[in-house]
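Heads up: the sequence lines are chains W and B, in that order. Quick note, the first sequence lines up with residues 1 to 282 if you use our numbering. Quick note, the second sequence lines up with residues 1001 to 1450 if you use our numbering.
Hints in this document: simulated from the structure, not taken from any laboratory. Where is the CB? At the ideal position from N, CA and C, for every residue including glycine. Certain hints may be false.
To be verified - Quick list of simulated restraints, FRET-style, between CB atoms:
{"id": "1", "chain 1": "B", "residue 1": "G1437", "chain 2": "W", "residue 2": "T238", "range": "45 to 51 Å"}
{"id": "2", "chain 1": "B", "residue 1": "V1051", "chain 2": "W", "residue 2": "C111", "range": "48 to 54 Å"}
{"id": "3", "chain 1": "B", "residue 1": "P1085", "chain 2": "W", "residue 2": "V231", "range": "24 to 30 Å"}
{"id": "4", "chain 1": "B", "residue 1": "K1156", "chain 2": "W", "residue 2": "S124", "range": "31 to 37 Å"}
{"id": "5", "chain 1": "W", "residue 1": "C111", "chain 2": "B", "residue 2": "D1219", "range": "35 to 41 Å"}
{"id": "6", "chain 1": "B", "residue 1": "E1388", "chain 2": "W", "residue 2": "S159", "range": "32 to 38 Å"}
{"id": "7", "chain 1": "W", "residue 1": "D39", "chain 2": "B", "residue 2": "A1408", "range": "56 to 62 Å"}
What the hints assert, rightly or not - Short, incomplete list of chain W residues facing chain B, as computed with Cβ under 8 Å:
{"id": "8", "residue": "P69"}
{"id": "9", "residue": "N70"}
{"id": "10", "residue": "L71"}
{"id": "11", "residue": "A113"}
{"id": "12", "residue": "P115"}
{"id": "13", "residue": "R116"}
{"id": "14", "residue": "A131"}
{"id": "15", "residue": "G135"}
{"id": "16", "residue": "P140"}
What the hints assert, rightly or not - Non-contacting residues of chain W with respect to chain B, defined by C-beta distances greater than 10 Å in every case (computed):
{"id": "17", "residue": "T2"}
{"id": "18", "residue": "L25"}
{"id": "19", "residue": "E34"}
{"id": "20", "residue": "K43"}
{"id": "21", "residue": "D121"}
{"id": "22", "residue": "G122"}
{"id": "23", "residue": "I128"}
{"id": "24", "residue": "Y133"}
{"id": "25", "residue": "A134"}
{"id": "26", "residue": "F155"}
{"id": "27", "residue": "D161"}
{"id": "28", "residue": "K210"}
{"id": "29", "residue": "A236"}
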Amino acid sequence: MTSTVIWTIAILAGLGLVLALVLFLVARRFRVEEDPRIDEVEKVMPGANCGGCGFAGCRAFAEAAVKAPNLDNNYCPVGGEAVMAQVARILGYEAVKKTPQVAVVRCNGTCEARPRVNEYDGASSCKIKAALYAGDTLCPFGCLGCGDCVEACQFGALSMDPATGLPVVDEEKCTACGSCVKACPKHIIELRNKGPRSMRVFVSCVNKDKGVVARKACANACIGCGKCQKVCAHEAITVEDNLAYIDFAKCKLCKKCVAECPTGAIHAVNFPVLPKKEVTNE
Amino acid sequence: MSKLTFSIGGVHPDDSKLSKDCAIEVLPLPQTVYVSMNQHLGAPAKPLVTVGDKVLAGQVIAEPGGFISAYVHSPVSGTVKSIGPRKDLAGNPAVHVEIAVEGDEWVEGIDFSNDIDVNIKLDREQIIERVKMCGVVGLGGATFPTHVKLCPPPGKTAECLIINGAECEPYLTSDYRIMLEKSKEIVIGAAIMQKALGGCPCVIGIEDNKPEAIAAMSDAVASLPYEGIRVAVLAKRYPQGGEKQLINAVMGREVPPGALPIDAGAVVQNAGTALAVYEAVQKNKPLVTNVLTVTGNCLPVSAQHNYLFRIGTPISFIIEQAGGIPEGAAKVISGGPMMGKAIANLDATTVKGSSSVLYLSEESTRRWKESSCIRCGRCAEACPMGLEPFLLNRLVKAGDLEGLEAAAVMDCIECGCCLYSCPAGIPLLDRIRPAKGQVIGILKARNAKK
Chain W
1 MTSTVIWTIA ILAGLGLVLA LVLFLVARRF RVEEDPRIDE VEKVMPGANC
51 GGCGFAGCRA FAEAAVKAPN LDNNYCPVGG EAVMAQVARI LGYEAVKKTP
101 QVAVVRCNGT CEARPRVNEY DGASSCKIKA ALYAGDTLCP FGCLGCGDCV
151 EACQFGALSM DPATGLPVVD EEKCTACGSC VKACPKHIIE LRNKGPRSMR
201 VFVSCVNKDK GVVARKACAN ACIGCGKCQK VCAHEAITVE DNLAYIDFAK
251 CKLCKKCVAE CPTGAIHAVN FPVLPKKEVT NE
Chain B
1001 MSKLTFSIGG VHPDDSKLSK DCAIEVLPLP QTVYVSMNQH LGAPAKPLVT
1051 VGDKVLAGQV IAEPGGFISA YVHSPVSGTV KSIGPRKDLA GNPAVHVEIA
1101 VEGDEWVEGI DFSNDIDVNI KLDREQIIER VKMCGVVGLG GATFPTHVKL
1151 CPPPGKTAEC LIINGAECEP YLTSDYRIML EKSKEIVIGA AIMQKALGGC
1201 PCVIGIEDNK PEAIAAMSDA VASLPYEGIR VAVLAKRYPQ GGEKQLINAV
1251 MGREVPPGAL PIDAGAVVQN AGTALAVYEA VQKNKPLVTN VLTVTGNCLP
1301 VSAQHNYLFR IGTPISFIIE QAGGIPEGAA KVISGGPMMG KAIANLDATT
1351 VKGSSSVLYL SEESTRRWKE SSCIRCGRCA EACPMGLEPF LLNRLVKAGD
1401 LEGLEAAAVM DCIECGCCLY SCPAGIPLLD RIRPAKGQVI GILKARNAKK
């Protein structure tokens, strides 16, 4: 009886030792040399695996960053400067500074301003809707309202406003990863510089129809009249295909164009409300 | 006679050919027509007229914008009022020429007599040139320029010309009516195309739910002196009229993935196209009219019509002439119920390929609520291209474009059999359609790199 127990223990222990030795040798033979900095970089990453940097996930970003000679082409928009400074410290590179950006929805065709002319009863997806037809309003450029962008956002920064039928960006949560930009089949969402104290002026419309047509489709549409372009002292505004566009790099936030726009298509957001003059606030 | 059909997939929707006994009526002229420059497959046509020009019916108003493109003729006589973007059926802008109708004068040289001209005087090149100059395009739905199809690329020969009289879409009866009323003209049109293709045999395929058309076409073939033309009876099955399905049914051949019908030795032309070719070659009449069905399941048969309309007539005018949108109509569809599209813009205009104005009731257009895939495999069974729509659906959801390409998404003919057969109400085709566009994107990017 006792001997059986002893034998069992001995055999199992022996087996264990032999296999441990095999494992040890195999591990040595097939050891993969990996830069320990990859792990370190991955640790400081946000870990959302959102793909905003252009890589499949944070690990893939770390691998690419370690391999690259500098950080010029590798930037984590989610982590921003803080994370990139840490990455730069680990890798001994110079930190790249990028102006913080935010997703901006360039359509203000609210349910009120842009009447529905037909009823869409197909699958609830902007991509599918866009493949079928121009949409349930007369504006073939505007937001389709099925919320593909909301679904694409991994940070919960987008939500549909039931009153307007348009997506709303929570600027606190938005990391400018660009997922929504890719998800929108109408290319309405754009990443724009966040601006000082998040103040921004932009044309909230992408309608390229002629003024009359655009106006008929939506009361808030840019009609390409060019008044904003004339009033802008900084040459920040261009009008092409009946549509104005404000270059955020040139815009000095003077807001002259906002007052000039006859349809209210130019939005100025996050400006402090002045006591006397009323300023359009989102 | 044994009934021919394609080998895999397909569904059997109720054919509902309600308007089959309504003889073709000539639709009155509207006050204004809007002629689209984008009514054929390929590059949009380039307008040749300017605002204020007086045009005659049958006059060329636009030239082809590329190799795969077509001439566009004025369907009416009148004054050009404007040239510019106007919203099409789907609400997307396309360039249209607006013509205010004044009288009904035609250009010279068109034979308006009803005499049937059996003698084909033109030779091969002349036929192709005439078809091109008359702006004839495929009237089966895809509106592919006919003259391009009649010139097989070097090294390839047509072994069989198939005239598509299947009209497998439920409700539509325009092809049926012309096969009854213009049978001889269609056969002569087929013989003309036969000559253009170098004398290959010709098969006229008609589904067995149209026995009168089969009889009329057989009589026409027997009474005319052409050789190598015969009528084949096809089983009623959707999508029998799909180009690849028809080739499979008639010739027993398969068109390889990504290849054209000519690679399998076949040229398929719609019955309506054959009529247009006859009118172009024998009567010198450009393609400015077509036949369209006004039908639906909420419209009494007495109010249904098969209209001979001028291309460019606004849909709203046709609806008005036919007595307005009937009560109970939930959707107005252009094309058949399987592949047609709901008309988002009733002010849009008819194009060369317009085949119907179809009113469907709420009950028959209702979308089912989407539930989970139960892996029944009905979509894979129904797919006439042998694809696995459930798999494509999953790949689309995962955003796996390479996977979609490997699963042959580009072979999808968008017939809608998968969606029709899915008991879980999954919008299979709706998901696959935009994915095809994305896959074309990556294919183009890959070709650009090479």
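So, going through the hints one by one against the coordinates:
1. G1437/B to T238/W: 45 to 51 Å: At roughly 29 Å between Cβ atoms, T238/W and G1437/B fall outside 45 to 51 Å, so the hint is violated.
2. V1051/B to C111/W: 48 to 54 Å: About 37 Å separates the Cβ atoms of V1051/B and C111/W, which means 48 to 54 Å is violated.
3. P1085/B to V231/W: 24 to 30 Å: holds (29 Å)
4. K1156/B to S124/W: 31 to 37 Å: violated (45 Å)
5. C111/W to D1219/B: 35 to 41 Å: violated (60 Å)
6. E1388/B to S159/W: 32 to 38 Å: For S159/W against E1388/B, whose Cβ atoms are near 36 Å apart, the range 32 to 38 Å holds.
7. D39/W to A1408/B: 56 to 62 Å: Violated - the Cβ-Cβ distance for D39/W and A1408/B, about 41 Å, lies outside 56 to 62 Å.
8. P69: Result: violated, 24 Å to nearest chain B Cβ.
9. N70: Violated: closest Cβ of chain B sits about 26 Å from N70/W, beyond 8 Å.
10. L71: With Cβ-Cβ at 27 Å, over 8 Å, it is violated.
11. A113: Because about 18 Å separates A113/W from the closest Cβ in chain B, which is outside the 8 Å limit, the hint is violated.
12. P115: violated (14 Å)
13. R116: Given a least distance of 11 Å, the restraint on R116/W is violated.
14. A131: Holds - the Cβ of A131/W comes within 8 Å of chain B, reaching about 4 Å at its closest.
15. G135: holds (7 Å)
16. P140: holds (5 Å)
17. T2: holds (58 Å)
18. L25: holds (39 Å)
19. E34: holds (27 Å)
20. K43: Non-interface label on K43/W holds, nearest chain B Cβ at 28 Å vs cutoff 10 Å.
21. D121: It is violated; D121/W is separated from chain B by about 5 Å at its closest Cβ, not greater than 10 Å.
22. G122: The claim is violated: G122/W sits with its nearest Cβ about 6 Å from chain B, within 10 Å.
23. I128: Not fine: 5 Å to the nearest Cβ puts I128/W too close to chain B.
24. Y133: violated (4 Å)
25. A134: violated (3 Å)
26. F155: Given that every Cβ of chain B is farther than 10 Å from that of F155/W, nearest at about 18 Å, it holds.
27. D161: At about 24 Å from chain B, D161/W clears the 10 Å cut-off, so the statement holds.
28. K210: violated (8 Å)
29. A236: Holds, since 28 Å exceeds 10 Å.
Comparing the model with each numbered hint stated earlier shows that hints 1, 2, 4, 5, 7, 8, 9, 10, 11, 12, 13, 21, 22, 23, 24, 25, 28 do not hold.
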